[in-house]
Amino acid sequence: MTALSPTSIFNPTSTPAHSIFHLSIFVLVITALIFIVVAGLLTYAVIKFGQATADSSHEPPQVYGSTQIELSWTIIPILIVVVLYLATAQVIHGIQDAPEPKTALDVIAIGHQYWWEFRYPKLGIVTANELHIPVNEPARPTPTFIQLLSADTDHSFWIPELGGKTDLIPNHPNKMWMDPPHAGIFLGQCAQYCGTQHAKMLLRVYVDSPDEFAGWVRNQQQPAVQDASATAGREVFEHTACINCHTITGTAADGRFGPDLTHLMSRATIASGAAQNTPEDLRLWIQRPDAVKPGSLMPAMQLSNQDLDAIVSYMETLR
Amino acid sequence: MSSDAITMPGVNIDDRAWVDVLHRWLTTVDHKRLGILYILYALFFLLVAGAEALIIRIQLIHSHNDFVSPQVFNRMFTMHGTTMIFFVVMPVLFGFANYLVPLMIGARDMAFPRLNAFSFWLTALGGFLLYFSFVGANGLYGAGNAPDVGWWAYAPLTARAFSPGHSSDYWTLALLVSGFGSIGTAINIIATILCLRCPGMTLNRMPLFAWLNLVMSGLVLIALTPLSAAQIMLLIDRYLGGHFFDAQAGGSAALWMHFFWIFGHPEVYILIIPAFAFMSEIIPVFSRKPIFGYPIMVAATIAIGFVSMSVWAHHLFTIGMSSYANSFFTITSMVIGVPTGIKIFNWLGTMWGGKIQFKVPMLFCIGFLFQFLIGGLTGIMQATAPVDWQLSLSYFVVAHFHYIIVGGIIFALFAAFYYWYPKITGRMLSETLGKWHFWLFLIGFHLTFDLMHIPGLLGMPRRIYTYEPGRGWDTLNLLITVGAFIQGIAIMIFVANLVISYFKGDVAGNDPWDAWTLEWSVSSPPPAYNFATIPVVESRRPLWDVKHPEDPDSRYE
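Line by line, the protein sequences are chains A and B.
Start counting the first sequence at 1; every next residue gets the next number (my numbering).
Start counting the second sequence at 1; every next residue gets the next number (my numbering).
Bound conformation, chain A alone (with noise of 0.2 Å):
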């Protein structure tokens, strides 16, 4: 199922996705056998009782009803009901109730109306879009607990390989977790109807080996870069509405309204993955966001070509 979709849900490389895959098989082998069954049933009836030619001038015996039988269909169907329910409340349980270890790597996933906040409070570290989180040692546990939050409308996390979803509501923290076993790139977007893009509220998930976690923390950690051939964009950028809804470390922006931009190179989408993080999509997206993704909430800025190139100069030193 790989080959036919990053996005399967029987591919689960995750504790929750696995237990969640088996209970899939179970109820499908269980809802399977029903459907043969009744199915069966429904067919040999109506071969066998089928008439090639309406004659209604012999009616078949009157048969009102059989106490037997119906008992029967009542009793085998709730047996059915207990076993399938109690297999489901175990991996309701499971899933729900594990204890978060002390180890977990603490992460906080705001939905916002079309991208996705992650805030990592243990490590100081915010950034969008594109969630990084490690591998799962078996040795020493790192699995991920997710707190769910939404600065607006509801918005549902779900990366089917790496479990269910969860939704992001306001007012209404919700949790998941996640422990995957090997690195990848593993993606999804958002479930939840949340607005005009709802459809390119896309969302990705870096599971990274240990080594390129830490890496990967420290860039976070630094301050925005201050490179000299680019202050002439950080000054376009310091002196226009960006600085409202956008962040950069060490400078004026501080906004909280759309992603922090300052580790932006660092991503490999921009828009929430709705384009390539290339300097012309870049400017695309700063020039004229509906060109990317009609009726997302970033406005076209307005700015001469020159403002536009400095400015764009200046977000590709942002690694």
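The reader is advised that the hints may include incorrect statements.
Unchecked claim - Computed footprint of chain A on chain B; a stretch qualifies when at least three of its residues, placed anywhere within it, have a C-beta under 8 Å from a C-beta of chain A: (1) 40-48; (2) 129-136; (3) 277-283; (4) 288-296; (5) 447-459; (6) 464-471.
Stated by the list, open to error - Derived EDC-like pairs: lysine to aspartate or glutamate, alpha-carbon spacing no greater than 20 Å straight-line: (7) A:K175 / A:E235; (8) B:K355 / A:E59; (9) A:K122 / A:E59; (10) B:K355 / B:E557; (11) B:K547 / A:E59; (12) B:K547 / B:E557.
Stated by the list, open to error - Some chain B residues well away from chain A (every beta-carbon gap over 10 Å; in silico): (13) L54; (14) S252; (15) W352; (16) A532.
By construction, these hints were calculated from the structure, which means they are not laboratory data.
A virtual CB, placed ideally from N, CA and C, is assigned to each residue, including glycine.
Starting from the known structure of chain A, fit chain B onto it as the hints suggest.
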């Protein structure tokens, strides 16, 4: 029996000018005319909401398509869902109930004919308000044009901060007004069934159609009231400074979810129970046997009615309820499968040993049985809370509920159209066109909704106006769209059949199907007063008793 006609003094119907005809239809309080109005009204909106579905499907035909803008797409799925539930399926079911319940229980009209007319016109106003939003919703803010908040309109997307203009207000008022209409109709059906049954028609002898509509009406009273209350709270939030659902000011977005689904899930049963009612009348006639296990069918319906009120939060498994709440709603949602399964088995028992005639109504019934079975089983998968954490809000759910609503309810409705059209118009629908309609619709339905499960399993969320390439969703979506157009063609054949047969269909006579309930004892169409003399019944199948005096049902009761 009661088929003798009464001469109406001083009325010559044929002479009237069209304006008189129009006036008579607009001011009618006759349950049959109101039933027809409901049905025509619903058919009109079926075409409108069907066109909206096709726009959705064209947009999704491949990744990064730009047939419509995201704003238009979001309006389309909101209007498609709202229209289909509130202005197609509910009115058409009320229409059949209105038309048939008095005829089946040997009454001359509904208990409250004026309330009946009032309810219909409220529902009609609701649909008008919803569609007036296309021209009227811009309002002072210059924003908004038709609702775009999804058919369940979760808070806080409906707050004025996120939904400026008046589109959400038109949505709210449309549902509020038509909700009052539904409550009026439910009261009317309950009163009619409880008070106007003809002599001998004990509750235990009532056609299952009447029983099931009685349970449905009870559910309407219980389910529509919280929805109406929530709509009023939403209006208070939007205009009177309330904070019920305003999370920024301490309100609760989750509260709206609970209010909506404590309406929304019983609503599913409000829609499917009348479909069960059609099945329970049509399958016996075309199997030439009485319904198998009448008492347990009634008991199962009542059980479904009760349990349906305690399953709503299975729509909310992803909102972060406690593990105890998730377990509770898992078990209730699975338990409701038991009485529902009993129904399928009893229809099977009815067909077993019968002489099944493959007339068009029966073809649709057989389609219903298989599809409802599959829709029920995918329902069990989603009742399993952890599995639902993956499937919820994905295209799997969209496929599942269309399996129930189209594969179940709409198939049952088509069966009802082919079965009762002769009674309503006096003409038979064409069997040839009916078979084209059935097979094309069946093929289109399975192409669309069988395949639609798969993108959901591959991670495709619902309500997205476009999607990324490389996720394995493109080919599937293309085929799903092809299926949708095949269904569209089948619906056109159906509409053509309705129109052509009205003028050129074979004359039906009183009882074209050799059936057993009282509506077939009167002329087609029935006279305004239904029964010249009120009938007296002695069993569940009064016309069987008349046709088989040597072996009447009344002997076994």
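Quick rundown of the hints versus the structure:
Check on the stretch 40-48 of chain B: 0 of its residues sit with their Cβ under 8 Å from a Cβ of chain A, so the three-residue criterion for coverage is violated. Counting residues of the stretch 129-136 of chain B whose beta-carbon sits less than 8 Å from any beta-carbon of chain A gives 0, not enough to reach three: the coverage restraint is violated. Residue count for the stretch 277-283 of chain B with a Cβ under 8 Å from a Cβ of chain A: 0. That is fewer than the three needed, and the coverage hint is violated. With 8 residues carrying a beta carbon less than 8 Å from a beta carbon of chain A, the stretch 288-296 of chain B meets the three-residue requirement, and the given coverage holds.
Three residues within the 8 Å Cβ limit are the bar, and the stretch 447-459 of chain B against chain A gives 3, so the coverage statement holds. Proximity of the stretch 464-471 of chain B to chain A, defined as three or more residues with a beta carbon under 8 Å from a beta carbon of that chain, is established by the 7 residues found. Annotation: proposed proximity of K175 (chain A) to E235 (chain A) is violated, straight-line Cα distance about 40 Å (limit 20 Å). A distance of roughly 8 Å separates the Cα atoms of K355 (chain B) and E59 (chain A); the hinted pair therefore holds under the 20 Å criterion.
A distance of roughly 79 Å separates the Cα atoms of K122 (chain A) and E59 (chain A); the hinted pair therefore is violated under the 20 Å criterion. With a C-alpha separation of about 24 Å, the suggested pairing of K355 (chain B) with E557 (chain B) is violated against the 20 Å cut-off. Between K547 (chain B) and E59 (chain A), the direct Cα distance comes to roughly 11 Å. Compliance with the 20 Å bound is thereby established for this hinted pair. Restraint check: the Cα-Cα separation between K547 (chain B) and E557 (chain B) comes to about 17 Å, which is no more than 20 Å; the hinted pair holds.
For L54 (chain B), the non-interface assignment is confirmed: its Cβ lies about 19 Å from the closest Cβ of chain A, beyond the 10 Å cut-off. Taking the minimum C-beta to C-beta distance to chain A, about 7 Å, the non-interface status of S252 (chain B) is violated against the 10 Å cut. The non-interface label for W352 (chain B) is inconsistent with chain A: the shortest C-beta to C-beta separation is roughly 5 Å, within 10 Å. The claim that A532 (chain B) is not at the interface with chain A holds, since no C-beta of that chain comes within 10 Å of its own (minimum 27 Å).
Violation of the numbered hints given earlier is confined to hints 1, 2, 3, 7, 9, 10, 14, 15; the remaining hints are satisfied by the structure.
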